[in-house]
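Engineer: Sequence:
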Amino acid sequence: MGMISAIIVDNEVLSANNLYNILKENSEFNIKARVNSEEEALLELEKIKVDIIFINIEMQVVEFVAKAREINDKVKIIFITAYTKYSSDSNMQYLIKPVTKEKLNKVILKLKPNNESKSEESWDIKVSCFGKFTVQNRQGTIAKWITKKAEELFALLIDQKGKAINTNKIIYMLWRNFDTTKATVNLHTTVYNIKKALSRLNAQEVFICSDGFYKVDVSKIKCDVWEVISKIRTISRRNLTIDEVGESIKIIEDGYFKENYFDWAEDKNKYFESVYLKLIFIKAKECKKSRNFNEAIELIRIGLKVDELNESFNKELIRLLMLVGDEIEAIKHYNFYKRKLRKELGINVDCKIYEWIKS
Numbered sequence: 001m002g003m004i005s006a007i008i009v010d011n012e013v014l015s016a017n018n019l020y021n022i023l024k025e026n027s028e029f030n031i032k033a034r035v036n037s038e039e040e041a042l043l044e045l046e047k048i049k050v051d052i053i054f055i056n057i058e059m060q061v062v063e064f065v066a067k068a069r070e071i072n073d074k075v076k077i078i079f080i081t082a083y084t085k086y087s088s089d090s091n092m093q094y095l096i097k098p099v100t101k102e103k104l105n106k107v108i109l110k111l112k113p114n115n116e117s118k119s120e121e122s123w124d125i126k127v128s129c130f131g132k133f134t135v136q137n138r139q140g141t142i143a144k145w146i147t148k149k150a151e152e153l154f155a156l157l158i159d160q161k162g163k164a165i166n167t168n169k170i171i172y173m174l175w176r177n178f179d180t181t182k183a184t185v186n187l188h189t190t191v192y193n194i195k196k197a198l199s200r201l202n203a204q205e206v207f208i209c210s211d212g213f214y215k216v217d218v219s220k221i222k223c224d225v226w227e228v229i230s231k232i233r234t235i236s237r238r239n240l241t242i243d244e245v246g247e248s249i250k251i252i253e254d255g256y257f258k259e260n261y262f263d264w265a266e267d268k269n270k271y272f273e274s275v276y277l278k279l280i281f282i283k284a285k286e287c288k289k290s291r292n293f294n295e296a297i298e299l300i301r302i303g304l305k306v307d308e309l310n311e312s313f314n315k316e317l318i319r320l321l322m323l324v325g326d327e328i329e330a331i332k333h334y335n336f337y338k339r340k341l342r343k344e345l346g347i348n349v350d351c352k353i354y355e356w357i358k359s
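The sequence shown: position 36 = 36 (UniProt numbering), numbered continuously.
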């Protein structure tokens, strides 16, 4: 096993110093940062990748954990606490004060990669959200939804990635035009139908209902959108490899729940559309850099099918056409773009082509 990178989040000086000294003496640990507040920790997490976060349980941890997981969904969290607590989340553990080497080693043992790999391989269902929403088990059996609303509610819970949604919010999102009594009956019927569909996949435990709240158990699910989001977030911290960019493009290109037309998914679909364009542009730039101009042109044209008036894409296409010596096609495309701008947006571009692509 390689070194474990960690960050300490604790506003209690003595507690933080004690933990820091213990970790420093342990050859397995690389302490990346030591901060006093959740805000500082989140800023650090945007800049560096860590395996474990040690945080004082007395701090405002609930919101912090959610935000930390948005940045790095694989990070392990260890709460420093004076009380004995137990967590049902395999990615969270509790370290009882006063912290000692022995206590630390016991907690870390539970988070070793061999345990992690077992957890990652223990998924019950595989979910695809791009294109058509599909749910299947390890044997390849695909879920058959009795009603469209059962499919939509389960898709909504997948979209929330383990975050619980209450009855009122679900009714508002799925049955807002129904009276409360009818909507509540519909919800109960839909919940029953979801359970029935999942039971056929032997995946009943994936769906959790408790005290009017509904969610999915993310530890039992392998989901394409969660994996893509994890990759996308690394763009701001490091360059993705060209293969990673290509893989992400291929997954996203079919659109988020595009074939299902869930209205609540439209905003996120637009977000993924913008990410799709960003990834295409990155890959096209890499192709240009390696002098693979024809592939770069093809990629830019694919992007323009999504956003025909995108200025960056249009400029890059013209630059590429110039590079391959096709000045006639470059001028032709520039004139086409000017006409489109005038017709669609009422914008007039009067400068010459060479001035425009340099602007």
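Hints in this document: simulated from the structure, not taken from any laboratory. Ideal Cβ placement from N, Cα and C applies to all residues, glycine included. Wrong hints could be hidden among the right ones.
[Stated by the list, open to error] Distance windows between CB atoms, simulated:
#1 Gln136 <-> Lys268: 18 to 26 Å
#2 Glu329 <-> Lys132: 32 to 40 Å
#3 Pro98 <-> Asp211: 32 to 40 Å
Engineer: Are the hints correct? Go through all of them and say.
Structural biologist: Here is how each hint holds up against the structure:
no.	hint	result
1	Gln136 <-> Lys268: 18 to 26 Å	holds, 22 Å
2	Glu329 <-> Lys132: 32 to 40 Å	holds, 37 Å
3	Pro98 <-> Asp211: 32 to 40 Å	holds, 36 Å
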